[in-house]
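Number of protein chains: 2
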Amino acid sequence: MRTVFSALTLLVARLPLPALSAAPTPAEAARIREDALKDDLAWDIAEGLTTEVGQRLAATEAEERARVWAVARLKALGFSKVRVEPFTMTRWTRGAERASIVAPFPQSLAVAALGGSSSTPPGGITAEVVAYPSLAAFQAADPAEAKGKIVFVSHAMTVTSDMNGYGTFSAVRREAPKLAAQRGAVAVLIRSVGTDYHRNPHTGAGAAGTGIAAGALALPDAEQLMRAVKRGKPVRMNLVLESRSEADMPSGNVIAEIPGSDPAAGTIVIGGHLDSWDLGTGAVDDAAGLAITTAAAKRIMAMGKPLRTIRLVWFGAEEPGLVGAAAYAKAHAGEKVAFAAESDAGAGRVLSFETSIREEALPAMQPLRQALVELGVTKGHGNGAAEGSDISVLARQGAPIIGLAQDMTRYFDLHHTPDDTLDKIDLGELRQNVAAWTLMLAFLANDRTELGPVAVSDK
Amino acid sequence: MRTVFSALTLLVARLPLPALSAAPTPAEAARIREDALKDDLAWDIAEGLTTEVGQRLAATEAEERARVWAVARLKALGFSKVRVEPFTMTRWTRGAERASIVAPFPQSLAVAALGGSSSTPPGGITAEVVAYPSLAAFQAADPAEAKGKIVFVSHAMTVTSDMNGYGTFSAVRREAPKLAAQRGAVAVLIRSVGTDYHRNPHTGAGAAGTGIAAGALALPDAEQLMRAVKRGKPVRMNLVLESRSEADMPSGNVIAEIPGSDPAAGTIVIGGHLDSWDLGTGAVDDAAGLAITTAAAKRIMAMGKPLRTIRLVWFGAEEPGLVGAAAYAKAHAGEKVAFAAESDAGAGRVLSFETSIREEALPAMQPLRQALVELGVTKGHGNGAAEGSDISVLARQGAPIIGLAQDMTRYFDLHHTPDDTLDKIDLGELRQNVAAWTLMLAFLANDRTELGPVAVSDK
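As you go down the protein sequences, you meet chains R and B in turn. The numbering of the first sequence is the working numbering, which starts it at 1 and goes up by one. The numbering of the second sequence is the working numbering, which starts it at 1 and goes up by one.
Hint data in this document are derived by calculation from the structure and do not stem from the laboratory. Not one of these hints is a red herring.
Just the calculated beta-carbon pair ranges, DEER-fashion:
| id | chain 1 | residue 1 | chain 2 | residue 2 | range |
| --- | --- | --- | --- | --- | --- |
| 1 | B | Arg227 | R | Gln182 | 42 to 48 Å |
| 2 | R | Ala331 | B | Glu429 | 55 to 61 Å |
| 3 | B | Glu429 | R | Thr409 | 22 to 28 Å |
| 4 | R | Val159 | B | Gly382 | 42 to 48 Å |
| 5 | B | Gly428 | R | Ala137 | 27 to 33 Å |
| 6 | B | Ala103 | R | Glu85 | 25 to 31 Å |
| 7 | R | Gln182 | B | Asp40 | 41 to 47 Å |
| 8 | B | Asp40 | R | Val102 | 27 to 33 Å |
| 9 | B | Glu387 | R | Thr409 | 36 to 42 Å |
| 10 | B | Gly209 | R | Glu387 | 56 to 62 Å |
| 11 | B | Thr168 | R | Glu387 | 47 to 53 Å |
| 12 | B | Glu429 | R | Glu360 | 55 to 61 Å |
| 13 | B | Thr168 | R | Gln182 | 55 to 61 Å |
| 14 | B | Arg83 | R | Gln182 | 53 to 59 Å |
No farther apart than 25 Å at their CA atoms in a straight line, the calculated lysine-lysine pairs in the DSS-like style are these:
| id | chain 1 | residue 1 | chain 2 | residue 2 |
| --- | --- | --- | --- | --- |
| 15 | R | Lys305 | R | Lys81 |
| 16 | R | Lys38 | B | Lys230 |
| 17 | R | Lys305 | R | Lys336 |
| 18 | B | Lys149 | B | Lys230 |
| 19 | R | Lys38 | R | Lys75 |
| 20 | R | Lys75 | R | Lys305 |
| 21 | B | Lys147 | B | Lys178 |
| 22 | R | Lys147 | R | Lys233 |
| 23 | B | Lys233 | B | Lys149 |
| 24 | B | Lys38 | R | Lys230 |
| 25 | R | Lys233 | B | Lys75 |
| 26 | B | Lys233 | R | Lys75 |
Just so you know, even glycine gets a beta-carbon here, dropped at the ideal spot from N, CA and C.
Model the full assembly from the supplied sequences, consistent with the hints where possible.
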């Protein structure tokens, strides 16, 4: 991209950074874009948080350290009203975990407990495996088959370029534990909801409240278990999935602001989530999202006071089920949300500009759409396609949503695995995200167009 | 390849499989090649061994099960004189292993003990880290620095297409433990000798006899530790690397033969190794090599009695240091080796035909070289370039060596890691190997050219 526009780059490099006062002209947009494509702050935030804190499972001491880190960093960057909004929740932590085929082919398999999994008793559980190739096959099977068994559901995810497949494929993580518990299984294993072939299982929420020990096998191990089962002899497994749940533990949202000139214009809520699963260092999920949105906000701050207040939220406890988002919505009930936007889909390039706003506001998006084209961002998939995880709580209350949808082709290789580490972030792609977010905020933070409220469908 | 030669394929598909009696004609070679490119036996062997046995660490009960599996399978395939040639050795097994930064940035790192590592005491070792960017930097440093510390050597491997880099880069696995022990370090960690960025450390031999606990960090973790160290504050780690060494444990080589018509013509020794490291299922290292060589030998058997005896050796205990190869050389001392060839470089395509034979025999290789070109196999890197791991013991005694060198570009992503599993083998590439090996044996098993002895250099 950058070489194609090098002539323009040379031109705009001599211009001062535009003041944030009206819709940027094409030359101003180019200046904002080219400047953001040299951003170092996003990398520094992702590198710092993943190195100096590492994993930060919700409501643990590590997430607490992450909040301390975040407050110090956001204050140092010059944001206003930097604070923690605390809440309490049930903390789930994992202990020892092992899976092994005992007979007929003794060997270990790579396993990780799903979030909220019950703990197996001392020594684990040893039982025969009953295997199903998909969630539908498990649902359709004779319920009596599962009684006293370790249920294994080998529901396979396929690669897609966006978030579309996740809902379809991750259903197994919630439904299989629930159904296995109902049918009297002693434990349940799923094929990881993921697309890589490394010995790194994908954890994720789904087992809380089911009362059953639930784990995910890495893809090579899921296929190994299926091969063993297909030999036709009874397969017995030993499964150790130790875990602990503790009520009323502290977590919190970290919040920072750029005050706007007109409080009545509503608040722009942007951010990602500070907590991570415990297996990796939460680099693409979601240090990257914090880094991108914070770097973009900092760039806006440098351009002067925006019309609308920009509130940066580093949500706590997203992974166990949007606990921080619910606490935020409760604490800020009744406030006017100009729009909400979230970066929680990795560190891949922004591919499309999406909206879930009032139809009447769509024409006002046109200059921004045009400016984003030069970053390789397409016009998107129709109004209503913008979505998010933490901000879904606000969306359900009618808040308009803006989305910068990323390339997710390889995201589910890393998602919720030990492999979610800093090395998976590409600096060039991260900078393209910062540029897209900065442009988006530059256009929309000073525009008075009302983007909401949005009629809430039942989808 | 196959589409390019489809006309020829149609032609030769109607011919009977050639009898093995003289150098194959081009049409016969094409028939052998096309037939082998449909091979299913190699996949069945790799799939069976990795599924029904899995990992098979040297001198363990699992390696014993692998020998039983191997004998049954080789007998069923119709090989002659199928037997185990037993030997005893020191068995090394791993126990619990954990690495964590205690301060200033508490977090876990992915670690695996190196083969032969000493065991840490109960509770592990907690000490300050002294880090070096390379083996040379460690060697050049003040010896006093290491005293009482955990030495970390972040010696980085780069990707090459062949075996060339392995010697250079794996030196750290042997030299770092030795030097760390000499300098009074309490433990030693290396950056894994590997090229992937997954949280799967690469184990491997190197620590035996050093008396120090030695482990490898996965690449993301090695870089994480370096980032922590570069912050400038003392980094303290806790390291648990439990292991056990037991003398006089049973292992063995599994041997099968195709008797030749002329015992005086010498024996062709081919094969790979049956043992594996314990982290993966030993699919590319080295079920693939056993599968390829055995499938090729089986094809030769179907063509009739060769001039030279073909001896298939599934070596035991290669990984801890060619223990099976040494036992083989001792048990078969004085026998005439027509040539030795080994498949122990993964399941990637054969890229080149290599030799380490008497110069006078090189012209006799020409028809074979020509036949291999149609499989995409190049002429190689000059006489002397053929080498092997187990067969290096025979090579040092003057045995001629034939090599079918494979594409190893991605081999060190998997080598000695948990990721070495069946899914990493590509059926098409495996079949190309079988075709190359079958052609090689078809040409050379009936050729009376003396390929050796070869002058033994000191290299």
